[in-house]
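**Q** Sequence:
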Amino acid sequence: MAISLGSIADDYTGASDLANTLTKNGLRTVQTVGIPDPALALPDVDAVVISLKIRSVPASEAVTAATEAERWLRERGAHHVLYKICSTFDSTDAGNIGPVTEALSDAAGGGSVLVTPAFPETGRTVYLGHLFVGGQPLNESPLKDHPLNPMHDANLVRVLTRQSRGSVGLLDLANVAAGPAAARARFDALRPTGVSMAIADAIFERDLETLGEIALEMPVSTGASGLGLGLARALVRSGRISGSETAEDIIRPVGGLSAIVAGSCSQATLRQLDVAERSMPVLRLDPERLLAGPDEITAAISWAGDRLSAGPVIIAASAAPETVSRLQRQYGREASGHAIETATSMIAAELVERGVRRLVVAGGETSGAAVDRLAIPAFLIGPEIAPGVPILRTLGNAKGDMLLALKSGNFGGDDFFAAALAMMH
Numbered sequence: 000m001a002i003s004l005g006s007i008a009d010d011y012t013g014a015s016d017l018a019n020t021l022t023k024n025g026l027r028t029v030q031t032v033g034i035p036d037p038a039l040a041l042p043d044v045d046a047v048v049i050s051l052k053i054r055s056v057p058a059s060e061a062v063t064a065a066t067e068a069e070r071w072l073r074e075r076g077a078h079h080v081l082y083k084i085c086s087t088f089d090s091t092d093a094g095n096i097g098p099v100t101e102a103l104s105d106a107a108g109g110g111s112v113l114v115t116p117a118f119p120e121t122g123r124t125v126y127l128g129h130l131f132v133g134g135q136p137l138n139e140s141p142l143k144d145h146p147l148n149p150m151h152d153a154n155l156v157r158v159l160t161r162q163s164r165g166s167v168g169l170l171d172l173a174n175v176a177a178g179p180a181a182a183r184a185r186f187d188a189l190r191p192t193g194v195s196m197a198i199a200d201a202i203f204e205r206d207l208e209t210l211g212e213i214a215l216e217m218p219v220s221t222g223a224s225g226l227g228l229g230l231a232r233a234l235v236r237s238g239r240i241s242g243s244e245t246a247e248d249i250i251r252p253v254g255g256l257s258a259i260v261a262g263s264c265s266q267a268t269l270r271q272l273d274v275a276e277r278s279m280p281v282l283r284l285d286p287e288r289l290l291a292g293p294d295e296i297t298a299a300i301s302w303a304g305d306r307l308s309a310g311p312v313i314i315a316a317s318a319a320p321e322t323v324s325r326l327q328r329q330y331g332r333e334a335s336g337h338a339i340e341t342a343t344s345m346i347a348a349e350l351v352e353r354g355v356r357r358l359v360v361a362g363g364e365t366s367g368a369a370v371d372r373l374a375i376p377a378f379l380i381g382p383e384i385a386p387g388v389p390i391l392r393t394l395g396n397a398k399g400d401m402l403l404a405l406k407s408g409n410f411g412g413d414d415f416f417a418a419a420l421a422m423m424h
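Heads up: the sequence shown is residues 0 to 424, going by numbering that gives the first Met the number 0.
Hint data in this document are derived by calculation from the structure and do not stem from the laboratory. Every residue, glycine too, gets a C-beta built ideally from N, C-alpha and C. Incorrect hints may appear among the rest.
[Unchecked claim] Have a look at the derived ranges for each label pair, beta carbon to beta carbon:
(1) Arg-239 - Leu-127: 30 to 40 Å
(2) Gln-327 - Arg-270: 15 to 25 Å
(3) Asp-273 - Arg-239: 40 to 50 Å
(4) Asp-36 - His-424: 28 to 38 Å
(5) Gly-238 - Gln-327: 50 to 60 Å
(6) Pro-252 - Asn-138: 41 to 51 Å
(7) Ala-180 - Gln-329: 49 to 59 Å
(8) Arg-236 - Glu-287: 45 to 55 Å
[As the list claims (entries may be wrong)] Derived SDA-like pairs: lysine to any residue, alpha-carbon spacing no greater than 25 Å straight-line:
(9) Lys-143 - Ala-338
(10) Lys-23 - Ala-338
(11) Lys-143 - Thr-91
(12) Lys-143 - Ile-202
(13) Lys-398 - Ser-301
(14) Lys-398 - Gly-354
(15) Lys-398 - Asp-413
(16) Lys-23 - Arg-157
Take these sequences, add in the hints, and give me the full structure.
**A** Quick look at the structure:
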């Protein structure tokens with residue numbers, strides 16, 4: 000296997016988002032869960048996205064996992080490695096975006112790294128180094144209440160500086176909008192000043208194409224799926240890839256039952272649950288009872304078992320921000336989050352045991368926990384349900400073929416759940 004583009008994603012839904020973007024823009028792509036086992040037969044592809052769960056772990060653990068993945072990708076021919084981060088730059092002052100980016104750069108021989116979370120298609124834009132989410136500054140958006148990594152500063156130069164050894168510069172919109180030559184010249188001018196990373200502005204898709212072209216000339220870049228779009232289009236223009244199958248060719252009916260498990264507490268997911276409740280049974284779990292013991296899990300599985308044969312069901316541990324804050328104060332941020340992830344993953348696994356073969360999971364941490372418990376090694380990338388969310392077909396799965404959708408909490412329209420199930424035949 001010789002690949003043109005490698006990527007290391009810091010969570011599973013972000014990996015699916017990126018794999019979807021690469022596929023849409025002409026790259027044959029596979030998403031793996033961790034570094035693939037040598038026994039797993041991967042198809043010939045242009046790009047491999049390695050899914051990790053390193054967004055919120057200690058920085059040293061994230062660096063170790065990412066550098067091991069980078070080594071695997073380089074050994075299989077990847078000339079460029081993209082560190083895929085969230086388009087809302089979810090992180091803390093301790094990392095992990097800065098430490099991992101610097102480690103990947105060091106592994107590739109050093110040099111400055113271009114960094115941008117911009118993805119205008121999903122409402123993420125960067126101007127003068129400030130991140131906007133749906134037109135709102137990051138610190139005024141719903142991300143200020145993120146249960147794991149609340150974001151209180153929209154200035155990404157400041158955010159990245161606080162978690163990095165080196166200095167952080169800015170590749171401003173005036174130079175990006177002027178095209179690749181101007182952007183390249185500005186980026187090159189930053190290098191002698193000691194800048195190890197530069198936040199790049201982007202507000203239109205053409206800006207991403209410019210950034211992808213200059214980033215592809217370097218061994219490493221860091222960004223959201225928008226940068227993946229730019230890199231994919233640059234690769235296609237270079238003639239270094241052979242073109243992809245259509246996503247529809249990959250997805251074939253799998254039969255079986257269908258279900259949705261939600262753990263995200265984002266405003267988008269909460270609205271989606273309210274809409275779905277009009278057309279299908281929804282069980283809203285009590286987060287406090289989940290933290291108290293297994294009874295709530297047992298009851299949820301029993302509830303689903305009584306209804307699955309009649310049609311899809313939804314089991315949700317999602318809660319309003321004020322409820323999440325109260326539980327975190329009472330039980331601790333890490334303990335409460337881990338308990339809910341464990342519970343939702345156990346429920347997902349039990350649903351699969353009962354014949355579910357079409358599964359939608361909402362929430363990044365929830366998706367990661369569910370996929371790990373199901374021990375799915377890799378995915379083929381199918382049609383897009385909503386921007387950033389494709390249908391995934393399992394590859395090498397012990398339970399046989401399944402279709403999944405791993406949805407970042409903030410993604411999708413209000414009718415996402417019904418739309419997803421309608422496409423997962």
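**Q** With reference to the structure, classify each hint as holding or not holding.
**A** Hint check:
1. Arg-239 - Leu-127: 30 to 40 Å: holds (34 Å)
2. Gln-327 - Arg-270: 15 to 25 Å: Check passed, 22 Å falls within 15 to 25 Å.
3. Asp-273 - Arg-239: 40 to 50 Å: Holds, since Asp-273 and Arg-239 (Cβ atoms, about 46 Å apart) stay within the stated range.
4. Asp-36 - His-424: 28 to 38 Å: holds (29 Å)
5. Gly-238 - Gln-327: 50 to 60 Å: With Cβ atoms ~51 Å apart, the hint holds.
6. Pro-252 - Asn-138: 41 to 51 Å: holds (45 Å)
7. Ala-180 - Gln-329: 49 to 59 Å: holds (56 Å)
8. Arg-236 - Glu-287: 45 to 55 Å: holds (54 Å)
9. Lys-143 - Ala-338: Answer holds: Lys-143 to Ala-338 is near 22 Å, not above 25 Å.
10. Lys-23 - Ala-338: violated (36 Å)
11. Lys-143 - Thr-91: Holds, at about 12 Å.
12. Lys-143 - Ile-202: It holds: about 22 Å lies between the C-alpha atoms, which stays within 25 Å.
13. Lys-398 - Ser-301: holds (21 Å)
14. Lys-398 - Gly-354: Satisfied, since the Cα-Cα distance of roughly 10 Å is no more than 25 Å.
15. Lys-398 - Asp-413: Given that 25 Å is the threshold and the Cα spacing comes to 31 Å, the pair is violated.
16. Lys-23 - Arg-157: Violated. Lys-23 to Arg-157 sits at ~33 Å, over the 25 Å cutoff.
Going down the numbered hints, you'll see the structure goes against 10, 15 and 16, while the others check out.
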